[in-house]
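Chains as they are written, first to last, in our numbering: chain A, 1 to 488; chain B, 1001 to 1136; chain C, 2001 to 2226.
If you are wondering where the hints come from, they were derived from the structure by calculation, not from laboratory data. Check before you lean on any hint, since a few could be wrong.
[What the hints assert, rightly or not] If you anchor each label on the Cβ, the simulated ranges turn out as follows:
#1 Asp1028/B / Gly172/A: 27 to 35 Å
#2 Gly2073/C / Arg346/A: 37 to 45 Å
#3 Arg2026/C / Ser349/A: 37 to 45 Å
#4 Pro1105/B / Gln62/A: 48 to 56 Å
#5 Asp2184/C / Pro425/A: 21 to 29 Å
#6 Asp2184/C / Phe321/A: 19 to 27 Å
#7 Gly2126/C / Arg331/A: 48 to 56 Å
#8 Gly2218/C / Arg197/A: 30 to 38 Å
#9 Leu251/A / Pro2207/C: 23 to 31 Å
#10 Ala183/A / Gly1030/B: 38 to 46 Å
#11 Gln2175/C / Leu251/A: 44 to 52 Å
#12 Pro2207/C / Ser349/A: 25 to 33 Å
#13 Ser1036/B / Gln58/A: 17 to 25 Å
#14 Phe321/A / Ile2060/C: 41 to 49 Å
[What the hints assert, rightly or not] Computed footprint of chain A on chain C, listed as stretches where at least three residues anywhere in the stretch have a Cβ under 8 Å from a Cβ of chain A:
#15 2020-2033
#16 2063-2072
#17 2135-2147
#18 2186-2197
We put the CB at the ideal spot given by N, CA and C, even for glycine.
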Amino acid sequence: MTAAADDRPTTRRPSWSVGLRARLTVAFLLVTLGSGLAAAGLSYVSARNAILDESQEQFLTQLRDNVADASSRPRMPSGDALAALVDQVGPEDTIVVYADVGIGDGPLLDRIPAQLRRAVRERARLSFQRTVESGEPVLYAGTPVTTSNGVPTGVEVYARTSLAAQQDRIDGLTRQAAAVLTAAAVVAVVVALVAARSVLRPVRALSRGAARLGGGDLGTRLPVRGNDELAGLVRSFNDAAARLEDSVTRLQREEANSRRFVADVSHELRTPLAAMIAVTDTVDDEAARLGGDGAAAARVLSTETHRLADLVENLIEISRFDAGRAELHLRVVDVRELVERTIATRGWSPVVHVLPAGQPDGAAPPVTIRADPRRLDVVVANLVGNAVTHGAEPITVAVAAADVPGVDDDCVTITVHDHGPGLPPEERQRVFNRFYKADASRGRTEGSGLGLAIAWENVRLHGGRIDVASSPGEGTRFTVSLPRRADA
Amino acid sequence: MTRLCSWVLAAAVLTVSACGIRPTGSIDAGPGARASWESAVVYFLHDGRPYPAVRPDLDSAGPQELVEALAAGPTTHEQDVGLRTEVPPSVRLVVDGDRLVVDSPGRLSRAALQQIACTLQRSVTVGVDHADCPVP
Amino acid sequence: MTPVPRVLLIEDDDSVRSGLELALRRQGHDVVTASTGEQGLHRLDDHVEIIVLDLMLPGIDGFEVCRRVRARGSVPIIMLTARNDDIDVVSGLEAGADDYVVKPVLPRVLDARIGAVLRRGERRAGTVDSFGDLVIDRSALSVTKGGSQLGLTPTELRLVLELSGSPSQVFSREQLLRAVWGHDYLGDSRIVDACVQRLRAKVEDTPSEPVYIQTVRGFGYRFGPV
C-alpha cells in the first residue's frame, strides 16, 4: 500500500474525438449508400422488368403471329406441311413438335425445359420460360396450334431466343448505378468530414479546455462562437470553470489564512518558550531541593515546556512545508552511518537493531546518497520513535542500496519494522495525517502528533516516498524510498 | 446499430436478388396460335393416351364418319410419329333418340372408347364424361 | 583554571534575556546584558570575550550590530535566531557571525557552543609557517600579511590554521565543520562557506581569484599550493 505516492489518475488522451468523427462519417455514408441503393435498386428493378417484358412480349407476339400466319396457308398436318411451317416460322432456333417428334432445329427439342413442354401440352396456351444456359440467359417460348375454333391440333411450336443483349443492357444499368453510388459515397464522405470537423472543432476545444482546467489552469475560458447547442455547452463550461475558480480561490485564500495564522501563532509562542526553556534546567536543578509537591509541580512544568517547545517547532516546520519554503541542503550522506547515529544519539540502541548487522568484522559497506542530513535525521528519528513508542520489540531498521533485489533501481530504502499490533488497513493511509492518533481513546501520545506528517513531507521533498505495510501478526513496516540522484 | 445493420442487410439482399436475368418457371402468356381454318379433329393413341390429329376433309362430317376415320387409322406420317388406333373397323354408331350408341361386335378396349369419346366431344354435342382428353 | 569568560547577551525580550542570563550564570559564565543593539555596542568595551546576539532587535538590528562589532574587532559572535529561516542564517553569517543557534535554545547547548567558539582562540604549541607573504604563527596565534597583522576572529584563525596545517590537502566542509566548529554530523555546512568568504576577504589579494584558500568543486577547500 502506498501512502506517500501522489496517486493522481493519469489523464488519457481523449481518443473519442477520432471515434466520433469516424462514426459520423460512417453514419453519413451508410445513410447515403442506403438511400442510394434503395433508389437505384427500385429503378433498376423496374427498368430491368421493362426491358425483359418488352423483349419477351415482342418475342411471344411474333411467335404467335408467325405460327398463326404460317399454319393458315397449308392445311395440316402432313409431314411436308409441318416442315413448311418450320420454314415459314423461321428455321433458326425454332422447332415444330408433333407427338413428341420434332421437325426443324433438332437439338433444340432436348434443350426445351420439360416444365414448358408440359405447360404447353396440358394448358394448350402460349407459355414461356427463362433459363440460363452456360451463363447466358435464354428465353424459351412454346405455343400450341389450334384450329380457328380453338381445338388443339396436337402441333406445338417452340422457339428459343438469347437474352444476352438484354443482359448487356441490364448490366449497363448496374454499372451506371454503381458509378452513381460510388460518386455519391465519395461526396457523402467529404460532406461528412466537413460536417464532423465543424462539429468536432468546438468539441476538441472543449476537451482541451477541460484538460487544461483539470491540469490546474483554473483561468481556462473558451471563446463562445455562434448560438447553437455547442455554444451553449461552451458557455456552461465557462460558467462552471468560473465558479470552480472562484471557490478554489476562496478555499485557497481561507486555507492560506489559516496556515498563516498557525505559523504566526507558532512564531509568537516561540519567544515566551525561549524564555521558559532557558530556565527549565534551573527548575530541574531546584526541584531536587524543593522536594514534595513543589518538586513534582516543577518537573511537570519542565517536561511540558519541552513538549510544548517540540510541538511549536514541529508546527513551524509543517508551516514551512505548507508555505513551500522548506529547502534541501544536499550533500553526500552515508545513510547507514546516519541511521546508526540517529538511533545512537536518541538512546535507542538497546531496543533498535540496524540490519544487516554488518559483516563479521562489523564493517558494513557505506550506502551513500545525496540528501539533506538534517531532514533525513528527522525522518529516521520520527519513524523509529514511532516504532519505539507504539510498536513492540524487536524493532529493526534495514538500509538497502539499489543493488539489493526487490528495491527500485537508483533508490536507497530505509525500512523500519516493529512487531507491534499492526495497523488496520483504513488506518494506514491516515498515519501521515497531522495530529493522527493511533488510539482514539488516548487523548495525547508521547509525540506531537506531527512526527509522521513531517517525515512524510521531508521524504517527499527529497523526491521519495514512504510505504506502509502492516498485518496483525507481522507488525508494521514503514519503507522510505529515496532516489539516489545521479549527481551524487 | 442493429437497425443500421438490418438496413445494410436488406439493401444487400435486395441488390443481389435484383441482379441480372433470373430463370423462371413456365409462365402463361395467353392463348396459343390459332390457324385461320376449321377442321375436324380425331384422336388416335400416342403412348396409350388420346392424341389429336386434324382431318380437314371431314370438317362437316357426322359422328359415324368420324368413327370410321378412327377405324381407318392414322396416315403414314402420323404412324411415323407413333400414332395408332384401337378402334376396330367393325364399330358402328347408332343414333338412338338423343343418344349415340356405339355398337361393336367384339369388346371395345378402354383406349378405343377414350378415342371415340374425345373425337366426338370435339365434333358433336354429346354428353361424354370422363373421357380424359387433352384439354381444349 | 582560566578566568570566567565574560558573555555579552543582547536580547530585547526581557523574559528571554532574564532566562538566558540566569541559565548562563548557572553554567558558570560572567554575563552582561543589553536590550538593544546600541546598548550592546556600548557594553562591548567591558572586556567582553563573546557576544550572544539576537537578530531581531528594535532599532539597529542584529545584522547591523554584527557588522559594527566586526568593524571594531574580532570578538566572536553567536547569533540567536528566532527562526532558522535560511535567509536570516545566511545573512547573519555573512555579516560576520561565527556560529548560530535557534531559539528556543537549551542552555547547555548554548553553553557548549560558547565553549567551542572560545576554545578556538586558545593557544597551542606550534611553529611559524610562511606562504608567500602570508606568515602564520601557530603559537602566537597571529597571521600577518606583508608584515601587517590581520584581524581574524578566533573562528577565522582556527580555520586558516586547520587548512594551512596540511597544505594542498582537500578538506570537506563536514571535516572542517567538525574540526573548527565542533559541530556534529548534522551541522550546517553553510557556516564553513560564509567563514571562507570572510577569510578570503582578509587574506587574499583578489578574493574572487583566491590563491591561499582554494575551492575544490564538489569536495571542499584546500590551502594552496601557493
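Go ahead and decide if the range 48 to 56 Å is satisfied by the Cβ distance of Gly2126/C to Arg331/A.
Violated: the Cβ-Cβ distance is about 31 Å, outside 48 to 56 Å.
Look at the Cβ atoms of Ala183/A and Gly1030/B and judge whether their distance stays inside 38 to 46 Å.
Since the Cβ atoms of Ala183/A and Gly1030/B sit about 43 Å apart, the hinted range of 38 to 46 Å holds.
Does the beta carbon distance between Ser1036/B and Gln58/A stay inside 17 to 25 Å, or does it fall outside?
With a Cβ separation near 23 Å, Ser1036/B and Gln58/A satisfy 17 to 25 Å, so the hint holds.
Is 21 to 29 Å respected by the C-beta to C-beta distance linking Asp2184/C and Pro425/A?
violated, 40 Å
25 to 33 Å as the expected CB spacing between Ser349/A and Pro2207/C, which holds or is violated
Given range 25 to 33 Å: violated, Cβ gap about 46 Å.
Is 23 to 31 Å right for how far apart the beta carbons of Leu251/A and Pro2207/C are?
At roughly 50 Å between Cβ atoms, Pro2207/C and Leu251/A fall outside 23 to 31 Å, so the hint is violated.
Satisfaction of the hinted span 37 to 45 Å by the C-beta atoms belonging to Gly2073/C and Arg346/A:
holds, 40 Å
Within 30 to 38 Å: is that where the Cβ-Cβ distance between Gly2218/C and Arg197/A falls?
Roughly 57 Å apart at Cβ, these two residues miss the hinted range, so it is violated.
Counting residues of the segment 2020-2033 of chain C whose CB is closer than 8 Å to a CB in chain A, do you get three or more?
The restraint on the segment 2020-2033 of chain C holds, since 4 of its residues have a Cβ under 8 Å from chain A and three suffice.
Check, residue by residue, whether the segment 2186-2197 of chain C contains three or more positions whose beta-carbon lies closer than 8 Å to a beta-carbon of chain A, and give the verdict.
holds (count 4)
Falls inside 37 to 45 Å, the C-beta gap from Arg2026/C to Ser349/A?
Given a distance of about 31 Å, which is not inside 37 to 45 Å, the answer is violated.
Within 19 to 27 Å or not, the Cβ separation of Asp2184/C and Phe321/A?
Between Asp2184/C and Phe321/A, where Cβ atoms are some 24 Å apart, the hint holds.
In this structure, the earlier hints numbered 3, 5, 7, 8, 9, 12, 14, 16, 17 are contradicted, and the remaining ones agree with it.
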